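Novice: Each chain, written out:
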Amino acid sequence: MTSPTWNNPVVKWIEYRLPVFSFTQEHLIDYPTPKNLNYWWNFGSLAGITLTIMIVTGIVLAMHYTPHVDYAFESVERIMRDVNYGWLIRYVHMNGGSMFFAVVYIHIFRGLYYGSYKAPREMLWIIGIIILLTMMATAFLGYVLPWGQMSFWAATVITNMFSAFPLIGEPIVSWLWGGFSVDNPTLNRFFSLHYLLPFVIFGLVFVHLWALHVHHSNNPLGIDTKGPQDILPFHPYYTIKDLFGLGVFMLVFLGFVFFAPNFFVEPDNYIKANPMQTPTHIVPEWYLTPFYAILRAITFDIWFIPAKLIGVMAMFGSVLILVLVPWLDTSKVRSARYRPIYKQVYWFFVIDCIVLGWVGFNSPDAMFMGAVSFLRIGQVATAYYFLHLLVVMPVLGKLERPRSPPESISAAVTKETDTVTEAA
Amino acid sequence: MRKFVLGAALALTLGAGTAFAAEAPKPPAQAWSFNGVFGTFDRAALRRGLQVYTEVCAACHSLGLVYYRHLQSIGFSEEEIKAVAREFEVEDGPNDDGEMFTRPAKPTDPFASPFPNDQAARAANAGAFPPDLSVMTKARKGGEDYLHAVLVGYRDEAPAGVEVMEGLFFNEYFPGHQIAMPPPLADDAVEYADGTKATVQQMSMDVTTFLAWAAEPTMEDRKRLGIKTLLFLLVLTAMLYALKRKVWSDVH
Ligand code: HEM
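Each protein sequence line maps, in turn, to chains A and B. When we follow my numbering, the leftmost residue of the first sequence carries the number 197, and every step to the right adds one. When we follow my numbering, the leftmost residue of the second sequence carries the number 10, and every step to the right adds one.
No lab work stands behind these hints, which were simulated from the structure alone. Since the structure is predicted, the reported quantities are computational estimates derived from the model, not experimental observations. Just so it is clear, CB atoms sit at the ideal spot from N, CA and C, and this is done for glycine as well. Treat the hints loosely; a few may be bogus.
Simulated pairs of lysine-lysine, DSS-like, Cα-Cα distance not exceeding 30 Å [as the list claims (entries may be wrong)]: (1) B:K232 <-> B:K150; (2) A:K422 <-> B:K253; (3) B:K35 <-> B:K206; (4) B:K232 <-> B:K35; (5) A:K231 <-> B:K255; (6) B:K206 <-> B:K147; (7) A:K231 <-> B:K253; (8) B:K91 <-> B:K206; (9) A:K504 <-> A:K422; (10) A:K231 <-> A:K539; (11) B:K255 <-> A:K422; (12) A:K422 <-> A:K594.
Pulled from the structure, derived: some chain B residues nowhere near chain A, Cβ distances all over 10 Å [claimed, not checked]: (13) R56; (14) L74; (15) S86; (16) M109; (17) R131; (18) A148; (19) F179; (20) P184; (21) D196; (22) D197; (23) A202; (24) G204; (25) A207.
This is chain A alone, in the form it adopts within the complex:
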């Protein structure tokens, strides 16, 4: 990888003043990448592309949307009916939210499996968690904009959460509302913030990638690259691999958009918001249900702290605690491939998160198969969530005897080829 020179005088002129060309060369073309990345490493670029899709469709929607309680619902329907390809733009934005979270959750669980959060990538991981939090806020704000029944009542339930804080709680809630209930001022500010936050995410992603490019990608073996035999230039190897991944992803994404566009939607959100009528159950979108389940799992006061406050703290804590994962995991080995026990408890944790998501969809009083209430399942799953992160991870890192990872990526690859030749 010799440093490139350019002959075109215009390019030279620009390059001398602002080195965009060598920057592109260094970060997008020659950028050294481990040669053994598997398809789980596609999800970072997919997240970036999805973010771009969300911003582009969002800006077009905003050209036709009216943030007023009397017109918001109707303006969205006008987009669906009268704006050229408005239905397509809206369905892409609507399903794009779900796709974005699906991609980012896979991206995060990839990191948890291969220990991508461990030194020296802690900052990268922490920025990722901040991105996740910002995404959640953005998605919640966006969900309120069509001003359907779920929009209104989700806004009411979630903003009311803050009333759990003693003394400052109530003032915070009316400050958020801009009044004494969720109403026009609330909708207006939510629209303003929903427009703002994706650009904040964009900035955060930039910093995320900056941190990534300092120490480069981790890889399925969880060991550092040892030399040129372990790496490939990003282009063309990973550009083409990411493009192929993008093709598969778009097939799924557009499959929903064109043939099941309302798959992720609660029917109630096609009913215009009505402050006088509470829906029978209020549920957030699927990607927030795990946290909703944690919020509702706490039904008991602890000492003098009321249940509601603990629920709110548990919910925020369940995301914030992820910031500590690089230190909660005490194992020296990165990849779960060489950690026989972690590899198994990892999957318990995945299942636990899915269970939380499923519980969040159901009313706490409802019974599962007539035997046990969803509240109880949610409580057990919440306890296990924190147990995994706060106890299992630190203790396991100390007790477990990991297998030793291979010397280097190329050594591992040659060995695998050898075994294949032997077997043949």
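Given chain A, work out where chain B with the ligand should sit, using these hints.
Specialist: Here is chain B with the ligand on its own, set in the frame of chain A:
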């Protein structure tokens, strides 16, 4: 508020030990013309459905998100659209004398609402509000199947042990089983222009097809574009895969 009262009343009746749970049964799936990847709206059913809507449902329900001009996309000629619109009266104004006046609707108007405001709608329906039907098929779990099930789900006699409240009607598929809408359809409630026999079943299927179109007039465009896009993407992705294999073939 009414829902709460209904709920409370229902809880009491349930307490009396009836076999009927508050949860309504799952509406049976129907073979809609617009089902599936290639499904389109049956044009004859849409025309009949529009007739049922204008002659029956429009007495109580608005369809405010649909404009008469939208009918063009399902094959109505300009003249036909004008004729449909003329059947409805809308308020307009103020005129030069500052007076509001009524006039026949025009193609550029949204479907006219039967009541000037929600209060009038409630007053005319014993306190119950007949909801706007524009996105009704999307706004209920079960969609079209549910709508049809409700329209044909009335029973003259409530099952033994179920007390139907004054002014409400027993309906098998409505959540809670007590609906404030009187059975809207009866055999031969309309006389179809195309000679189809107007059974309750037939009218219900037709009007539901029409309302499914009203809820998403762009569905056919969506599916057409979807098939083209996905086929293109499938070929493109296969080619990208081949290219990926080729690029990576020298990596060991
Ligand atoms: C807007 C959302 C996000 C975008 C666009 C994004 C983008 C990316 C990209 C392009 C990469 C490099 C490719 C890859 O390794 O997959 C990456 C790496 C990484 N991301 Fe994200 N990311 C996002 C959110 C997150 C979140 C929420 C986390 C979780 C905490 C996270 C954690 C990581 C980690 C640990 C790496 C390094 C992975 C490795 O090398 O093994 N990211 N990100």
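Novice: Need the list of violated hint numbers for this structure, in ascending order.
Specialist: Checked against the structure, the hints that fail are numbers 9, 14, 18, 20, while the rest are satisfied.
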